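Visitor: With the hints as extra help, turn the sequences into a complete structure.
Chains as they are written, first to last, in this note's numbering: chain A, 1 to 325; chain B, 326 to 402.
The reader is advised that the hints may include incorrect statements.
[Claimed, not checked] Stretch by stretch, here's where chain A covers chain B in the computed footprint (C-beta under 8 Å, at least three residues):
{"id": "1", "region": "335-348"}
{"id": "2", "region": "355-363"}
[Claimed, not checked] Among chain A residues calculated to face chain B with C-beta under 7 Å, some are:
{"id": "3", "residue": "C173"}
{"id": "4", "residue": "T174"}
{"id": "5", "residue": "L175"}
{"id": "6", "residue": "Q178"}
{"id": "7", "residue": "P215"}
Just so you know, these hints were derived from the structure itself, not from any lab. Because the structure is a prediction, the values reported are computed rather than measured. Every residue, glycine too, gets a C-beta built ideally from N, C-alpha and C.
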Amino acid sequence: MAEPKKTVDVRALKSSGFIRQTESEYFVCRLRIPGGNASSEKLIQAAELAKKYGRGYCHLTFQQSVEIPYVKLSEMDALKAELDKLGLRMANCGPRVRAISACQGCKVNPYGRVDAPGIAAKADEKYFGMDTPAKFKIAYSGCNIGCPNPQENDLGFHGMVEPDLVPDLCNGCTLCVQLCKSRAGESLVMNTKTNLPERDDNRCTYCGECLFCCPTNAWVSKRIGHAVYVGGKHGRFPRWADRVADFVSDEDTYELIEKCVAWYNLNGKRGERFGTAIDRLGMDKFKKDVLVPKFKTAKEWDHHGDRPKGINYHVLHSWDTEESR
Amino acid sequence: MDTKGNGFLDLRGVACPMNWVRTKMVLEEMEIGQKLEVVLDDGEPIRNVPRSLKDEGHKLLKVTPDGSCFRIVIERG
Ligand code: HEM
Ligand code: SF4
Ligand code: SF4
Ligand code: SF4
Numbered sequence: 001m002a003e004p005k006k007t008v009d010v011r012a013l014k015s016s017g018f019i020r021q022t023e024s025e026y027f028v029c030r031l032r033i034p035g036g037n038a039s040s041e042k043l044i045q046a047a048e049l050a051k052k053y054g055r056g057y058c059h060l061t062f063q064q065s066v067e068i069p070y071v072k073l074s075e076m077d078a079l080k081a082e083l084d085k086l087g088l089r090m091a092n093c094g095p096r097v098r099a100i101s102a103c104q105g106c107k108v109n110p111y112g113r114v115d116a117p118g119i120a121a122k123a124d125e126k127y128f129g130m131d132t133p134a135k136f137k138i139a140y141s142g143c144n145i146g147c148p149n150p151q152e153n154d155l156g157f158h159g160m161v162e163p164d165l166v167p168d169l170c171n172g173c174t175l176c177v178q179l180c181k182s183r184a185g186e187s188l189v190m191n192t193k194t195n196l197p198e199r200d201d202n203r204c205t206y207c208g209e210c211l212f213c214c215p216t217n218a219w220v221s222k223r224i225g226h227a228v229y230v231g232g233k234h235g236r237f238p239r240w241a242d243r244v245a246d247f248v249s250d251e252d253t254y255e256l257i258e259k260c261v262a263w264y265n266l267n268g269k270r271g272e273r274f275g276t277a278i279d280r281l282g283m284d285k286f287k288k289d290v291l292v293p294k295f296k297t298a299k300e301w302d303h304h305g306d307r308p309k310g311i312n313y314h315v316l317h318s319w320d321t322e323e324s325r
Numbered sequence: 326m327d328t329k330g331n332g333f334l335d336l337r338g339v340a341c342p343m344n345w346v347r348t349k350m351v352l353e354e355m356e357i358g359q360k361l362e363v364v365l366d367d368g369e370p371i372r373n374v375p376r377s378l379k380d381e382g383h384k385l386l387k388v389t390p391d392g393s394c395f396r397i398v399i400e401r402g
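Guide: Set out below in structure tokens:
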């Protein structure tokens, strides 16, 4: 006798983190790893569960989740109960805010300017799973090298720092000038009269290389914050995100997530990605509704005269230029 | 800069961290205040060696680009 057929609400399962496989009697169990950091204990537990309920392997997703493939429909409830007991949380799928991703950030990576995984984990606690018209991906990057692809997420951030010179501490070695020239913004030149480096705001990418490399600590950080990108996505019709604000504080990135999600829910059509909605309604409207007057790019600040000149963000790195290829 | 009577080390083609190990070995044989000129490749070497110098209390006096490498002058600290 065949078992009575269980009906499955695949859509509801998706929001809980179970995703039906091609082999339709199996489901993938997607675990939530906010900011890309998971304790050793939790990883071992996940691996054990993959042995018990799956086929003894885990898949690491591009969006930093750990998946247990090949979970049988009949065993999903038992697996869920074990996960709950262990405090392992499931990620999600479908039209909602996805688990927020991040790189290693400043605590591990010498390039990092902000604690990307720490901030991402906090944001994840607040906003994970909020319903949106289509999927909504958020990424925090430690610096403008941008390993977590902030420009290809619906909302992306990368750390940035404005360096300021303390002339008395500088011995004129020129290291910062050389490094800025060979790998950063080509914004520093040595003033031959003063024997001090001078920074051109128009070219500076706010990468912080000068600050990091200086042997005498003559550069200090005047401001640290996040650059903000909206509307990015990859896929069949990729859209490169628009940079809409600079030097946003950690706390204000949360405010921006809230505002963007609210705007998207109010204005986006079902199934339409954030960037597509912005294109349909116009960047001006988006800016007026969400950003004005608090959030601006360094360039836009200039026009109001209360900031030094802005930045040339077409050339983020010397290795991004035609010349270096 | 006058580096006569002091050290010279050509570390072109020597990768991190061996370039730093060799620099350190030479510096350790020197007197405080003596100078050492080192040639380093662009990329990781010019980024890493000065950082190690800083950590160990030596002084970086000058960096001069020379083709695809850099000449740096260090004062033993
Ligand atoms: C403690 C040292 C370091 C750690 C822990 C570290 C870690 C990382 C991590 C986690 C990524 C992201 C990879 C990914 O998820 O795709 C990354 C990317 C990258 N790292 Fe590092 N890194 C370190 C040092 C360095 C150094 C010294 C350099 C070069 C000077 C460097 C250059 C890069 C670059 C260019 C990328 C981007 C790669 C890409 O675009 O695909 N990293 N690093
Ligand atoms: S984005 Fe910057 S801080 Fe983050 S991993 Fe890449 S290089 Fe490191
Ligand atoms: S690296 Fe530091 S000491 Fe050397 S020129 Fe730059 S600011 Fe001055
Ligand atoms: S922050 Fe980066 S781009 Fe700006 S001056 Fe320093 S090294 Fe150059």
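Visitor: Tell me, which hint numbers fail for this structure?
Guide: Numbers 1 and 2, in rising order.
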